[in-house]
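Trainee: Following the hints, complete the assembly by docking chains L, D, Z and C onto the known chain R.
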Amino acid sequence: MNGIALLPLLPILITSATIVVAMLAVAFRRHHWWNATVVAIGLNLALLASAWLLLPEFLVRFLPQFAGAAGAPVIPRAETPLLVVDAYSAFYMSLVLATALATATLSYAYMEGHKGNREEVYLLLALSALGGLVMACSRHFASFFVGLELLSLPLYGMIGYLVKERRSLEAAMKYLVLSAAASAFILFGMALVYAQTGSLLFTEIGERAGGFAGPDHSMLLVGGALILVGIAFKLSLAPFHLWTPDVYEGAPAPVVAYLSTASKTAVFAVLLRYFVEAKAYRYGGLLDVMTVLAVLSIVLGNVLALMQDNIKRLLGYSSIAHFGYILAAFIAAGPLAVEAVGVYLLTYVVTNLAAFGVVTLMSSPYGEHDADALWDYRGLFWRRPNLSAILTVALLSLAGIPMTAGFIGKFYVFAAGVDKRLWVLMGAVAFGSAIGLFYYLRAMAQLYLRAPWVRKYSAPLDWAQGAGGVMLLALMILMLVLGVFPSPFIAIVQASGLAGQ
Amino acid sequence: MIVPFEQVLFVSGVLFVLGLMGILIRRNILFVLMSIEVMMNSAALAFVAAGNRWGQPDGQIMFILILTLAASEASVGLALVLQIFRRFKTLDTDAASEMKG
Amino acid sequence: MDLVFWIPALVAIVATLLAVTNYNPVHGLLYLIVSLLAVALIFFRLGAPFAGILEVIVYAGAIVVLFVFVVMMLNLGDAVVEQEKRWLKPRVWAGPAVLCGVLIVELWRVVWPAGATHPLSDAVIDAPHVGVALFGPYLLAVELASMMLLAALVAAFHLGRHD
Amino acid sequence: MYDLLFLVFALPLAGFLILAFGRGRLGENGAAAVGVGSVGGAALVTAGLVAQFLGHPPDGGAYTQVLWDWMKVGGFTPHFALRLDGLSLTMLGVITGVGFMIHLFASWYMRGDDGYSRFFSYMNLFVASMVFLVLGDNLLFLYFGWEGVGLCSFLLIGFWYKDAANGSAARKAFIVTRVGDTFMAIGLFWLFRSLGTLDIQQVLQLAPQAFDSESGRQAVRGIALLLLGGAVGKSAQLPLQTWLPDAMAGPTPVSALIHAATMVTAGVYLIARTHVLFELAPDVQHLVGVVGAVTLLLAGFTALVQTDIKRVLAYSTMSQIGYMFLALGAGAWSAAIFHLMTHAFFKALLFLSAGAVILACHHEQDIRKMGGLRKTLPLAFWCFVVGGGALAAVPYITAGFYSKDEILWQAYAGGHMDLFLAGLFGALLTSIYTTRLILVVFFGEEKTHAHAGHGVSYWLPLAVLLVLSTFVGGLIHPPLEGVLPAAPGEGGGAAQLGIEALSGSVAIGGILVTALVYFTRPRALLALAQAPAAQAVRRFWFSAFGFDWLYDRLLVRPFFWLVRVCSGDLFDQAIGTIPELLRHANVLSTRTQTGRMRWYAASFAAGAVLIVAAVMFRG
Amino acid sequence: MILVLLFMLPFVGGFLCWQTERFGRGLPRWVALGTMVVVLGMTLYLWATGDYSVTLLGPEHHWVHEYQLAWIPRFGISFHLALDGLSLILVGLTGLLGIMAVACSWREVQRHVGFFHLNLLWNLGGVIGVFMAMDLFLFFFFWEMMLVPMYFLIALWGHNAPGGKGRVYAATKFFIFTQASGLLMLLAIIGLVFVHYQATRVITFDYPVLLHTPMGPQAEWWLMLGFFVAFAVKLPVVPLHSWLPDAHSQAPTAGSVDLAGVLLKTAAYGLLRFSLPLFPHASAQFAPVAMWLGVLGIVYGAVLAFAQNDIKRLVAYTSISHMGFVLVGIYAGTDQAMQGAVINMLAHGISAGGLFILCGEVYERLHTRDLREMGGLWSRFPFLPPIVLFFAAASLGLPGLGNFVGEFLVLLGTFRAHPLIALCSASGLVLAAAYSLIMMQRAFYGPPKGDEPLEDMNYRELATMMSLMAILLLLGIYPQPVLDVARAPVQAVQELYQSATGLLSQAGAP
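Chains as they are written, first to last, in the numbering used here: chain R, 1 to 501; chain L, 1 to 101; chain D, 1 to 163; chain Z, 1 to 619; chain C, 1 to 510.
Don't read these hints as lab results, they were simulated from the structure. Predicted, not measured: the structure shown is a model, and the values here were computed from it. Treat the hints with care, since some could be wrong.
Said to hold, decoys possible - Cβ-Cβ distance ranges computed for the label pairs, FRET-style: (1) Z/Arg583 to R/Arg29: 51 to 57 Å; (2) Z/His584 to R/Ser487: 40 to 46 Å; (3) R/Gly334 to Z/Ala574: 39 to 45 Å.
Note that CB positions come from ideal geometry on N, CA and C, so glycine has one too.
The following block holds chain R by itself, in its conformation from the complex (with noise of 0.2 Å):
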């Protein structure tokens, strides 16, 4: 391998030496500003990488007169065995990769508060971002299975990371508990894919499943529902939900910020890559399957949040019936809902990590106990009114409002389902949003109340000068700005379809 084949694993290579060196730091001297930075600046290097990866495929499509200006589109640039870093993996490496960054970004100002080590948050952040990475731009089980576990492991420790608190600890023991037993469904169902294809390139599997005919190819099958189950559990489908809000409340809110984005997104990449090199498409049991699973997760999703109280947990829900959304246009199959997926995924990235930076920013000061109530929401409007704004953009975004990023997932939802004529789909997506309607008001209606009480949680009067304070912003103004002038976005994500479409 020469220098240049490397170039395009440049966003993976600078995440490694980011977590060499931040570690390097930490033992140097532990400080929380310092080290965050080094975090911080090795992530903004790799997602400036990643980003001009993508850039002449995005030129190509929206700005076509600077399209020369970039250099010629050398997408794919590189097949290593394990890895492909194509557009698609450039795309899906900078989501991982912005949404660590504003993990990173919101941890800091989460940790100054906390008493203990507060470093450590960035390095496993950074080790797990760039299992995310991997994923991003696997095409092989081993490197899937390994980015799987590299997301995964450091994500223990991040959701155990308030070691004090037994709803911390409880989670990771949750998480970690059903985690590895979803790890060990999926390896044996690749196992059971490897047994009966015989290769571990999704390529290759996708070329040989198509000799099998009859019986012949029920381990691929099953070997294939295995993996399914493992990953419904990571992206937290109905039934495999359960442990969703029980983390997502215990875990401190910038993890659990990251474990509803970032994670699930990198899953969710790999997994369709894996439907449309391993040619997954064609089991119709398979889809089958997912669309139960996808109706499920609405229905569930929805109906459990409906009279939440908490908004971690809400948020938490929420998030299964938003995987269902995507897992809705996923099924769909086709250029369309790989942009859709895209989309979607995009749009409700911004949007989460919008909602739980609010959430961070209100529990910072006091460390202990995140602000996590709805109670503790009640009448924020008239005393932090951008603070509240934020929240009420990102939950009218969850919500699919006009105007709001949410609104342009849903429709291509819409768009791709509609397309496939996936009526029944459809059906379960309107209804579901139809009642998610309610709990996000509900939560809604908080800000804008009267609170006559005391404000117990409060964020700090000076929190829109902090370098969180301002990516929040930034994220409002990105969801604003997605739901109403989305279409360089969407030039972005059609430069980044799957190849072998």
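Mentor: Showing chains L, D, Z and C alone in chain R's frame:
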């Protein structure tokens, strides 16, 4: 008589299911972690068996990766066990069920 | 009957069953070691001596020992055994056992379709083969596995802190 | 002069606006000046128009003043246009002339009331609407006035709003007439559907050809029936008559103007206006007569036993309008209008003098508490005598005789024996209850101390109407030739004389017999009245044959039942079950979130088992 | 470009309102008032200068004003605004009622004045957008966008009616109803686009292009239903109406005015603009159902209005009844009925708006909206009762006022095509009299509950009322200018629809 490769796979499946059962029935988190190790190990066995069928080293490489994972998982899990025992004074998973609803 | 395969296989299954159902953690871990050793034997039978050796060294030798350490640290004694006896009632395990039974039947149906049997090959894939592959196409996986271990290290360090 | 036609409605309308916006600031005299003056002005213009019309009739006997196009939608192009012909001129004369007198009287009658200017604003609005009604050259315009007078009627009946009963009476009046109006509106829709126009003249021209087929005859029958529905509502005929007696809750001048002289006769006007349609549907036309005949008998019986002076008059109004309907049914178009006019004179007179009596007796309306008033209220007494005479159609000296006799003769001549006999019997009833009323109120012992009114606005209207109710009124002949077709028995000669003699003797006979019984055998009368059977009959008649009771059971109560049933909004409740279900689902599903890891793992395993099974079987 | 200005104005104005609050409480009111006056002024200017007689729904469609800008080219979505007579009238109504809404909240709203006006104006801006959007995506965008400000208006400045379920409940109910049905419409819109795409390989959301989508009867039917449900909820059509009374009774006055006056009209507009022309055949097939639903609404709304004790709920149910007429008129398919429906929309907007303002004024003075606690109010106000009477008369369809023209035309036109339906609808005339008069009677007649005179209307209130009354009167006796403007677009729809119903040959009259 030569063993069909499917029988090896089946044995690994049985081991897998036994591990799963361990997770389902044990309240002691230590046993739960052990059961996870069993499940990982059974997956590894399946990989090695598949590698044997295709005459490839890939199965064994997956085994090595799984081994790494198992070690990592065990270390993190045991660290967590220590911490949990410190906070909850028990290894009962049901005791750690404050969050629900 | 290929006894070289079936004896270790049966041992593994029985030992595993005992491991996950035992009342005493230490006994359970011992059964687990037995099970792992049996699996290592199967690896040898499958022509994967390298894997078999690793199984013994890493799994039985390192990981399980880690468990033993923890058991010792936590000083789990007879009280735990009593407690486990109370916890492990038929009412508790009956449901999961049925569920697992169904899963076994399903797996059996899947991996053992009538007529489609592929005999095991006797070819041995030993350490050199594995090493070449590992440091060839799987180089990145090795690097990433190291990252994984680093992550486990950091996480375990943080979680296990005593303060 | 014809150009000033619009002033007939514009003046009262202006009066209304001035009074409405200047309320409270004008003072009683100012309000009276505006209110009475505007109608007076309209009356003057009408007088001018009458003079011109009689002197120089316009071409074709009608003058049309187009104000503006109302709307143009597809083929539907009604204008805002006034049309003056003999019929509308007659109506105009009645409305503005009699209306002016009543306004004048009201300026005396209402003095001291809180809502003095409000009263006149309503009255002016009423006059304006009524003018619209009669001048409209298309049916939509007519409908405009038709509804306008309904609203004014509502307002004026409920004028004394502090008494909730008045409000209910007003509401009843409006809603019952609205039922009729709705029939009429549907009739208009049908007309438009069949003819493509609502212009009255066009309708009358087009109708004979357009309906000259079997389906056409069906259609015209339906249309005529619907128009009749409108007419019976407004004119308080069966079966929509129940509102009129209650409408007496309004001030007495209102009863005189609206519920005797003008508005209630609008139905007659409507049918006369659209006579072609009724002629095309002879059975409906006959039905008109039958409705009139039944109403007049029913109202006559009811009037016999009423004890409220205004209610007696109200039933007599119903009965007289019944005569007009009878005339219409018999094809005696002109006679109907003629009777309409004379009835306006003498009924206005009766109501006004009843008002005088009521005021004199301190707002007492029960005739049993009156008596012997002829000495204290001589003017009112004579007005009653003359007006009552006209009502009972005392031969030759009263206006009522000429018109009623004409009707009876035409009915006879047209071969409608049923109608004729009913009319004749009705005449007998009329004379009996009229005499009873006069005798009870003005004769016998004095039971209350009455104060006679004074002032020109008190006696002048009474005097004028008094004169008009005598044979003088009978000499005025509405210029209806060319507007309405001639009746069958025009210029009857000897046969007509015979009918005259018959009806005259019936009327006089009724009066004499009643007076005789009253003066000579009062005890026998009382004894008869005490008999149980008679009591029952009396109660039955008193309740106007139980229509109110019937409608209460048939319509009002079911409606209120419906309202009560629906009041929680059934659909809302039905939809409310969805959130209820969801809440239950939420509670149930929340139970799955036990917080126990083993349970989570179990669901995990179960899900895996199911998925594997599904994939295996689905393939 | 003027269209962009027209629709941007409320948004900018609203934002300014919010920001100017810091300079004083009065300022936002004036900014809002100024904004809406300018909107109305611009509408009038457009009315005066444009020629609205030649709008065609054809390939060579012609809009009086048009503005188009690529927006999301990926799906052929463009920012396409256009104005024809129908839009103009409704935009004008929005401007007018916007002024009224600002005026009537002058004293009522004292908390967070700036934010209130922000919501009010944004809502109105969304409505204006709905009336001008000629791209289905854009239309949906605005359709949903106007909900959020409305939600806030109800939830934050609403009343907690005693015995009611609270303003947040009402606001949420409103939101969920409209949003859920909106999702179905979104599905239908996307379905339509894909049907069009499959037929022509052109992906577009542009309304004029989609007008000529070839599709099978079954597809047309389902897509039409998707649109209809959304509009039916907003209109509202009876089984789906239950959000309306709650929303109205808890909303602040301005919100009620806005809801009844303008928001309900968006649904009728949607039916006229989208549902009928896009799916003429399915609509024709569906017409009997729709019309019977309209009849049900007329009767049911009236009966329930009669049953109410809360005066605002009463008026709310009358809206249901009136919109039933609009529904009947739209689906009747004759020119009189359709144009009558347009007039009815306008007149109902003004009369219901006026009634809600009056209810608000009564509430301000009595601090109750319960009719059982009123009675005899006539003697305690000099001006308010006759004005209420005026609007009650309008609402019962008194000739000479706008509602009459609308209802009469609707019934006249409907009778031509569907006599039985017209017959049943006409029962609404009687029921309207019943509920209007019972309202008058319970509030104003009877013995007064107190002696002291209540504060009468001030000049601001009088001026708003007088202008509404004048317009209603003008609409009643000379509706021709409005009819002229609306004729071209309505006729175009009607012809399209009628050719589908095959009515043209059947109706005997011209």
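Trainee: Does the structure break any of the earlier hints, and which numbers would those be?
Mentor: none
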